[in-house]
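A.B. asks: Using the sequences and the hints, build the whole thing.
What follows is each chain in one-letter form.
2 protein chains.
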Amino acid sequence: MFSAKFQTFDETADPAASARRLASLRHNLKWDGVDGFVLPRADRHQNEYVPAGEERLAFLTGFTGSAGFLLVLPDKAVLFTDGRYTLQAREQTDPTLFTLVNSVEISPAKWFEQQTDHPGTRIGYDPWLHTAESIERLAKALEKPRWELVPLTENPVDEIWADRPAAPLGPVVLHDVRFAGETADDKLKRIAAEIGKQRADALVISDPHNVAWTFNIRGSDVAHTPLPLAFAVVPKNGRPALYIDGRKLSNDVRDRLSDLVDIREPDALTKDLSKLAATQATVLLDQATAADALGKVVAEAGGKVVRVADPVTALKAIKNPTEIAGAHAAQARDGAAMARFLAWFDREAPRGHLDEIAAVEALESFRRESGLLKDISFPSISGAGPNGAIVHYRVTQRTNRPIRPGELFLIDSGGQYEDGTTDITRTIAVGTPTDEMRSRFTQVLRGHIALARALFPDGISGAQLDTLARQYLWQAGVDFDHGTGHGVGSYLSVHEGPARISKLGTAPLKRGMILSNEPGYYKEGAFGIRIENLVLVVEAPHITGAEKPMNAFETITLAPIDARLIDVSQMTTDEIAWLDSYHARVAETVGPLVDKDTANWLAAATRPLLNS
Amino acid sequence: MFSAKFQTFDETADPAASARRLASLRHNLKWDGVDGFVLPRADRHQNEYVPAGEERLAFLTGFTGSAGFLLVLPDKAVLFTDGRYTLQAREQTDPTLFTLVNSVEISPAKWFEQQTDHPGTRIGYDPWLHTAESIERLAKALEKPRWELVPLTENPVDEIWADRPAAPLGPVVLHDVRFAGETADDKLKRIAAEIGKQRADALVISDPHNVAWTFNIRGSDVAHTPLPLAFAVVPKNGRPALYIDGRKLSNDVRDRLSDLVDIREPDALTKDLSKLAATQATVLLDQATAADALGKVVAEAGGKVVRVADPVTALKAIKNPTEIAGAHAAQARDGAAMARFLAWFDREAPRGHLDEIAAVEALESFRRESGLLKDISFPSISGAGPNGAIVHYRVTQRTNRPIRPGELFLIDSGGQYEDGTTDITRTIAVGTPTDEMRSRFTQVLRGHIALARALFPDGISGAQLDTLARQYLWQAGVDFDHGTGHGVGSYLSVHEGPARISKLGTAPLKRGMILSNEPGYYKEGAFGIRIENLVLVVEAPHITGAEKPMNAFETITLAPIDARLIDVSQMTTDEIAWLDSYHARVAETVGPLVDKDTANWLAAATRPLLNS
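Line order of the protein sequences matches chains A and B. Take the first sequence: its position 515, counted from the start at 1, is 1746 in the working numbering, and no numbers get skipped. Take the second sequence: its position 41, counted from the start at 1, is 1272 in the working numbering, and no numbers get skipped.
Straight-line Cα separation of at most 25 Å, DSS-like style, residue types lysine-lysine; simulated pairs:
| hint | chain 1 | residue 1 | chain 2 | residue 2 |
| --- | --- | --- | --- | --- |
| 1 | A | Lys-1535 | B | Lys-1371 |
| 2 | A | Lys-1375 | B | Lys-1428 |
| 3 | A | Lys-1428 | A | Lys-1741 |
Calculated from the model, a selection of chain A residues having no Cβ within reach of chain B, i.e. all distances over 10 Å:
| hint | residue |
| --- | --- |
| 4 | Ser-1297 |
| 5 | Arg-1315 |
| 6 | Ser-1365 |
| 7 | Asp-1389 |
| 8 | Thr-1630 |
| 9 | Arg-1742 |
No wet-lab data here; the hints were simulated from the structure. Quick caveat: nothing in here was measured; it's all calculated off a predicted structure. Ideal Cβ placement from N, Cα and C applies to all residues, glycine included.
C.D. replies: Put into structure tokens, the structure is as follows:
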């Protein structure tokens, strides 16, 4: 799945509720001594998926998109959303209450800079929902109109939200070392060493993915990612502390965790941090996820804040041999479900009675039948015909489209298994594809193969490889508007930093990282193509005459690529050989795991194209 | 020529002189009230080539490299040089006087941070020789040991340099609009618009290349680049001022310039800037070249300094139709000289009596015989056998090597013509090359062709294309340690910003830019390969089915690539077709410009490889 956030879209606005809530909020803001309020769609961890009680933006405005920023002023309210959500925001919000602004054209900071009236306006914010950097950016923008940002102790939306859903209490499970490959104790030693390298006294882990990785725990507080919402503080010397609601811990889990970490209630975090900071401690805070409130606590108590990229993010990205073995097992299992799905689809689709939802349900059931699926890794994207060209498409009852012969069908999906997280996109011909479809598919495939076959030295970043995946599309005068690849976690988030394969991917690619390889092509109103496999960064095989070690991608996703969409005449012998060898590996690994009908289908779908 | 600076290397150290000078300097520093002094190898414009009177580093230390940084303390002196110059610095300096440090491993800032003794140490610097950014970096590093940076009004080296060469007085000539393609008046209007966009009142042009471009003038104050050393101040409204030694201007040139600019002595710059700043003006300073002293003058007089990338750099990089026509004419002329040279070399080299210097002299004389060569565009690199593998090699009487059959010969050179600046590298087989040489040459050539054939949308930077040139080398487990390409001026510097094709090239490539395409391969102690052409960014030819405009590179350098070094079996049909079509264009354009013998040689050297 490409790196774009999205969410269900069938909700309808309730203008009366929004008007009432907005009025209450404005009333309360006066009591807080401020004129306005800024509210991002965010929780205390800057999570991609947030629990229901953090959907303050939706509560106030009706807008349910995964990214947005609201500014409430006495006489107006401005909702900033990016291009993906322009339409949705218009449908879900009341135009008499909210002015909509495309944040790509005018960011909130830019909007503030353009104000000229009412110097002295005081804008409140909840310091738990913004990073320090974003607050600094806003504060700088507010210098122009001489407005002021004021941190509030209580979130004024929560005060008016009577039936606000309670924080989730998903039970925490231990992530066994036979999946994790390294004990929490050993991980903590490596983290302590990183803290020492930065000459600091402690690290606050504010990203729950990093908490989960560090302590080898998983949870179920948000959708699709097995996260326990929690903070941790790891000192250079001494026992770390885990800040988590005790009701998420069974006695057994609590006992096991207590061996190496103090279990503390979330409330205790700021008190403990203050105490630590009072010793003039130097505290590392993650620049991407640490709330502005955390830095304030440390600074006010006399500590020194150093903003860094949480070192756990880099450690977590390098999968160890156990995690890699787990990824291979998960991919074989997931590949078997995909093979069953693709075989089923090829049987059923030509009969003309399938639709997008039926396809998603079938695929999810094939995955579930493995008995090991914990969750899907993100909401499946299932797009027939023109719906395949909507990059962030999410099928709903309203948009559900029949799968018709002569069209392309794009399905982007993944599973969460204890031994690994998967993410795969296949584009399938229903009936006979047009020459245009085959030509575009082949251009996308050649880019996919160029990236899959790339060798590169240490230090090379994803930004430097991205062009390999786009070159044949550029030669044809077209492109795709999303990144080529993102990092993937190990039974964690399907979107994981620090590396990515896109213009913005400046982190070097290192052995042990798992990333997606997913170029695409989208023809609006007609069809969408994306070919996505996960790849593992490995040492390149021996090269005669080589002078320096090279890295390579090993493709670990195992599912056939639709040969009916390939124009072999456009491909080089090396490219066809790569595909044949990939298909041979798919047949060999997945074949033994599936029923006979699927095995027969798979043998046909993976037949070599070279000399055939 | 790849982007690395270098310089003659035959000078030998005079330890007695260095000891005497260092002692005098230390004595004077006391009078200036400081304990130490930092001295970069730089002039007031951060020029690549500097006049003799700016070679303070060489005067003090004996080290003549083009990049270095000296720190003088009461009890020691530390000379920082990068990896290219480690050997040279060791040979040229007295180890009892100077401690040598590799600046790639320990930068001056890092070195300062590691000091623990003598808090309160005062380090003097000449604010005209450092940019504000570099001073800020140093000042930050000095916080650790609690040392202090102190700007000095007079450079203490100049005070002890009795026979310091006077500033050069190269006559200024007008760069005719039939070469420049745009009047200075029109350029000034565009610059004023840029100043307005940035809401500023004036721009200080501190980069002499930008002064030369703006006023359509050229000079001869430094080697190889027709620069007049000068500053300019361009106001948003009103007449600009040019700060230049009046002795460089003939009456005629002065009269012509006076039509649009006030001519002022260099001394007047700070006074004028102070006066401007006193009106609370907002002044744009170039972050890359403006001396720290300039910012201080503006700030102290009450003006507001805004550090930017001088907008002239971006304007200058886009060549207009006249400059492009000039580049084509210059390339045809230069290609004719190259063809004569290559034909001559092929006749003479097998007889075994040539050496590197003879080759350079021959090539320069062929260029000179065009009657239009103003200068070479940089010191030629002429490397036979293992010398070709030294990336910054510069032949001297001491290193001069015979050109022997069985070896490769690499020659990187260029010319300054009024209508354009050229830069070309060819690698030539002398006698029969080995299979290894042919294989590596073919890998380099395939990368060169991949970049030359690339199509790419607007907004793409050189960093994103660099990999295209390296991919086949990486596949073979090798790489090259320099950028793939740099911008090139129009009868200006052979190294011009803002765009480049390298990991660091984040500026988008725009139509009208001229860059080099010069991948290479270097086998230490054995041979070097580089294939360099200049390319012009143009609109891609029409593509059926294209959805967005694409850009392409048009290769404008015209000289054969040595087919004896190509292993055609490694190349794709498309790659061979590109080479054949390039060679056809070389033959067609250059053939009519050369003597009959050369024309015959050229016809053979450009014979198509496909179906031959």
